[in-house]
Amino acid sequence: MTSSHAASSQPSSSPEPRVERVSEHIVEIVSDSGEGAQTAGQMFGTVSARMGNGVWTVEIIPAEIEPPFRSRAGASGNRIRISSGAATNMGDEADVVVALNEQVLYSRIDVGALRRGTIIFLESKWGEIDDEKIRREYREALEDFEKRGYRVFEVPMERECLKIVRDPRRGKNMWVLGMLCALYGRNVEFVHEEIRKKFARKGEQVIESNRKLVDAGYAWAQQNIPFRFEVPAQPAEKPRVVMNGNQAVALGIMASGIEVVSMYPITPATSVSHYLAASFDKAGGFLHQAEDEISAIGFAIGASYAGKVAATVTSGPGLALKTEFIGLAVMAEIPLVIVVVQRGGPSTGLPTRVEQGELLASLFGSPGDVPKVVIAPSSIEECFHFIITARTLAEKFRTPVIVLTDANLATGQQPFTRPEVRPEWLAPPLDMAPWDRNVAPYDWDRETGLSRRPIPGQRGGEYVLTGLAHDRWSHVAYESAINQEAMSMRSRKLAALQRTLKPPKVYGDPEGDLLVVGWGSTRGAIEEAVDRVRADGGRVSSLTLRFLSPLEPGLAEIFRRFKQVMTVEINYSDDGDDPAVTRESRRFSQLAWLLRAKTLVDVDCWSRVPGTPLPPGRIEKEIRRRLDGEKAVRHEEAKNVRTQG
Amino acid sequence: MYGLKDDWELEPRARRFVLEDYQGATPRWCPGCGDHAILNALQRLARDEQLPPEKTVVVSGIGCSSRLPHYMKTYGFHGLHGRPLPVACGVRSRRPDLNIFVITGDGDCCAIGTAHWIHAIRYNMKMTVMMFDNNIYGLTKMQSSPTTPKKHFSFTHPGGAPLSPINPLAVTLGVRNLSFLAQTIDWNPPHLYATLRAAHKHEGLAFVRILQRCPHFMPEIWTRLQEDPQLVMLLEHPEGIQLEDAAKRLFKRRREHDPHDLAAAHEIVNDESVVPIGLIYKNENAERYDAFSSRGIEMTTEEKLAAAQQAIDRFLI
Ligand SMILES: Cc1ncc(C[n+]2csc(CCOP(=O)(O)OP(=O)(O)O)c2C)c(N)n1
Ligand code: SF4
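Chains X and P are the protein sequences, given in the same order. Every position in the first sequence, counted from 1, becomes a number in my numbering once 125 is added. Every position in the second sequence, counted from 1, becomes a number in my numbering once 7 is added.
Worth double-checking, as some hints may not be accurate.
Which chain P residues stay away from chain X? Per the calculated CB distances, all over 10 angstroms, these [as the list claims (entries may be wrong)]:
1. Asn47
2. Gly86
3. Arg231
4. Ala271
5. Arg302
With the C-beta cut set under 10 angstroms, the calculated list includes, among others, these residues of chain P facing chain X [as the list claims (entries may be wrong)]:
6. Glu61
7. Asp104
8. Pro156
9. Phe160
10. Leu238
11. Asn290
12. Asn292
13. Ala293
14. Arg295
15. Glu310
16. Leu323
Since the hints were made in silico from the structure, they are not lab data. None of these values were measured; they are calculated from a predicted model. Just so it is clear, CB atoms sit at the ideal spot from N, CA and C, and this is done for glycine as well.
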């Protein structure tokens with residue numbers, strides 16, 4: 126190994142590497158797109174999970190489909206956070222980065238993914254290449270990295286790969302994976318097995334050459350890298366699975382007995398359909414790719430009307446198109462699961478990036494008043510289980526249920542306990558017994574708004590579903606009293622559902638100076654930030670809301686036990702101290718808006734729309750700032766008391 | 008009977024349905040509206056074919072015509088403007104046992120629902136699609152529709168519609184995988200009935216354009232056809248729509264047309280000097296998406312459970 130870092134520029138003379146024990150590490154692998162850094166990163170994550178580490182992976186996606194080679198816009202790859210306990214978010218700056226060229230590395234530097242001391246393993250071939258311009262760029266970058274305080278190790282990746290394969294562009298990722306496995310003491314057998322799984326369809330030869338590359342990377346690191354990292358792992362007691370949020374959604378769909386999924390491709394929701402395409406029909410399901418989002422939800426509604434359990438999966442722009450049909454589903458009380466994998470908005474916005482921008486659209490984005498259930502999983506495991514919850518709620522309450530996930534959950538991988546599918550998770554078979562003709566198709570229970578529904582094929586239940594105002598018999602009715610009753614019956618279901626919910630658990634003390642409220646994928650980062658501040662004695666707690674409509678009960682009560690309440694979200698809000706806005710003109714982030722309206726508590730907010738998950742460090746900083754404000758106020762009060770005294 | 012297959016029926020005595028069994032609410036269409044005739048034909052067809060009301064679903068969009076499901080006593084779905092076809096396809100996807108009729112208007116189908124119209128033809132799922140074409144928007148009170156003749160007055164084009172109308176037959180005929188296309192008129196009950204019957208019997212999506220009178224907003228549009236029998240041409244063929252001789256004699260112009268002849272069908276629909284009625288095209292071999300989508304509906308809970316477990320196992324570490 127050659128290195129620009131003076132201290133380690135000598136090849137290691139001692140065969141015994143220095144081992145550093147750490148409780149967690151963040152590793153990034155970045156390359157031009159097409160060089161396989163994503164695959165290598167995912168395998169590294171999976172193998173780390175198998176070894177018993179907590180893992181959270183984040184895909185690093187270039188802004189364009191085919192970014193120019195060696196460009197700042199081009200980093201494609203994976204961030205893998207491995208830890209001794211559970212990893213719940215992407216963390217802050219990386220500890221180790223493997224870069225296949227220095228230009229893609231800049232795109233990571235630009236987003237603040239590196240810090241002083243980050244170890245970089247950099248492909249060294251660019252310093253030896255014929256092209257003078259590239260050689261110069263490379264040399265300048267090395268100098269720059271040194272100035273920034275990174276520890277750079279130049280690695281002859283291509284030269285080493287050439288000893289094994291003819292086209293190193295297609296094998297470097299596996300070689301790098303081998304190198305990282307040596308660095309972190311990963312079991313190479315596990316890697317071999319992952320390779321077999323991944324390349325099973327490509328044949329024995331491909332499997333063999335990939336294994337050789339991994340072994341070579343491993344051996345090279347053994348000889349040339351003078352240090353190792355040990356992230357102690359806790360072996361899991363129960364069998365575990367590792368997957369990303371979209372895979373979890375797809376499996377949840379199968380485990381809940383949903384039979385029809387109808388969708389139109391949209392990033393980052395599309396891959397749900399890819400996973401379903403592979404195995405849905407084996408579970409008796411049917412995946413329909415419609416001509417557009419409107420048709421996709423119409424198809425699902427038709428299937429549901431006909432008694433089949435149906436779902437549609439989409440993202441923001443698709444949700445916008447579906448709103449008219451969602452209104453119909455609410456009006457006509459059709460059970461339906463609608464998964465919305467949120468991405469950056471508005472318009473086509475940031476299609477591959479994360480945002481939590483669809484909360485209010487889910488709640489209110491239809492004409493008129495359309496009460497519906499909205500829930501948000503906050504981890505990949507919850508992505509699986511919430512589909513089953515959503516299916517059950519949709520059937521029981523005869524309503525559409527929106528499940529809000531986001532790009533962060535969709536593409537992030539996390540290990541969790543293997544779910545054992547239970548028969549009661551599956552939708553029960555159709556009851557086609559004749560319908561009692563004396564029972565109206567909307568025989569609303571006054572207290573709960575609930576009613577049974579006849580299904581085509583059920584004799585005696587013949588009714589005409591309509592989106593027009595209707596009475597209990599589904600007869601079109603414009604009488605004011607009937608409309609009032611029907612609206613309140615549909616609305617009442619949310620009250621009835623809320624009665625079944627428990628107040629949410631506060632993370633940390635039940636009272637204090639600051640309560641941070643979040644929802645969805647930000648939970649891990651928020652809780653980590655809270656932990657760090659609490660470790661220094663800060664009186665901060667947090668709360669994650671899973672139910673957004675209806676809200677979980679008892680919120681106002683909980684809020685009153687804290688001096689300040691603030692939401693943290695990945696959607697837009699005006700900063701409170703922005704001189705361009707006033708108290709009246711300030712636009713709040715979406716959950717804050719909702720909570721203020723629902724609880725009459727002066728809930729504040731802090732939100733950012735960077736297109737990336739919020740790092741815990743950034744949230745921590747904001748919490749400290751708020752607490753310092755609180756301290757200053759208390760100091761001021763104490764002074765006042767003294768002067769008065 | 009919880010848990011039984013949905014086609015299971017305990018039927019100690021044969022049922023016999025009469026017209027009243029298909030008659031729902033009293034129609035609220037204008038007097039003289041062609042929709043009445045179409046409703047009657049549909050009810051008669053259901054009676055003659057003895058379609059169990061509980062196994063019959065009428066799906067519609069929004070418009071005067073789309074009120075029809077309310078006037079039937081079967082299952083009905085009166086949904087959104089332009090969107091009956093996706094809903095009907097969804098119903099059909101897992102329910103091969105149902106009889107599905109789709110009611111749509113010229114605005115519903117050829118304006119807001121255009122994408123679904125084209126794609127539903129391509130999906131070719133078994134259902135009878137009846138497009139009521141009155142050349143105008145009825146429910147919203149006389150705005151131009153995509154089929155309104157050029158220069159014709161409407162409230163949105165007081166100086167006359169500026170564009171030539173689209174030709175729904177030609178558009179439908181242009182879609183690959185088309186299975187059945189016919190045209191009929193509401194003011195000739197035998198032809199209307201025979202056409203709906205042939206459509207219902209067809210295994211696949213049968214698209215029927217019905218020229219429908221709207222005396223309220225389009226009083227003159229079809230009277231021309233009613234008054235000049237030379238303008239309407241009856242398509243005849245042993246494999247086409249069958250009429251009794253007496254009914255046939257009403258049509259002065261007739262043409263022998265093999266419904267399997269696509270080139271001749273194109274020629275017929277593009278000749279704008281005459282209005283063809285009858286079976287324009289038929290292809291019994293078109294691929295059916297519902298055959299594909301209803302696979303697996305017989306699967307048991309145990310099988311589904313096992314499949315879900317297996318899918319999860321692939322992610323074990
Ligand atoms: C999304 C939406 N846009 C517009 C309307 C208003 N609208 C109701 S019916 C109709 C036109 C109906 O015309 P057509 O389909 O030809 O049926 P007809 O009334 O003539 O039978 C329109 C524009 C609506 N209900 N929904
Ligand atoms: S407005 Fe026209 S289409 Fe509508 S009911 Fe009256 S006559 Fe029929």
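Can we keep the Pro156 (chain P) interface hint, with Cβ of chain X closer than 10 angstroms? Not OK, violated: Pro156 (chain P) not within 10 angstroms of chain X, min 29 angstroms.
Are all C-beta atoms of chain X more than 10 angstroms from that of Asn47 (chain P)? Check passes; 18 angstroms lies beyond 10 angstroms.
Could you let me know if the closest chain X CB is still more than 10 angstroms away from the CB of Arg231 (chain P)? It holds; Arg231 (chain P) is separated from chain X by about 35 angstroms at its closest Cβ, greater than 10 angstroms.
Do the numbers back the hint for Ala293 (chain P), that is, is its least Cβ distance to chain X under 10 angstroms? At 18 angstroms from the nearest chain X Cβ, Ala293 (chain P) fails the 10 angstroms test, so the hint is violated.
Chain X contact restraint for Leu323 (chain P) - C-beta distance below 10 angstroms: Hint holds; Leu323 (chain P) Cβ to chain X Cβ min 6 angstroms, cut 10 angstroms.
Just want to verify: Ala271 (chain P) was marked as not at the interface with chain X; is every Cβ pair farther apart than 10 angstroms? 30 angstroms, holds
Let me know if the C-beta of Asp104 (chain P) comes in closer than 10 angstroms to any C-beta of chain X, holds or violated. Given a least distance of 7 angstroms, the restraint on Asp104 (chain P) holds.
Let me know if the C-beta of Glu310 (chain P) comes in closer than 10 angstroms to any C-beta of chain X, holds or violated. At about 7 angstroms, which falls below the 10 angstroms cut-off, the nearest Cβ of chain X leaves the hint on Glu310 (chain P) intact, so it holds.
Can we keep the Asn292 (chain P) interface hint, with Cβ of chain X closer than 10 angstroms? 23 angstroms, violated
If you take the shortest Cβ to Cβ gap from Asn290 (chain P) to chain X, is it below 10 angstroms? 21 angstroms, violated
Holds or violated: is there a CB of chain X closer than 10 angstroms to the CB of Arg295 (chain P)? 14 angstroms, violated
Should the label of Arg302 (chain P) as a non-interface residue stand, given a Cβ cut-off of 10 angstroms to chain X? 7 angstroms, violated
Of the numbered hints given earlier, the model fails hints 2, 5, 8, 9, 10, 11, 12, 13, 14; all others are met.
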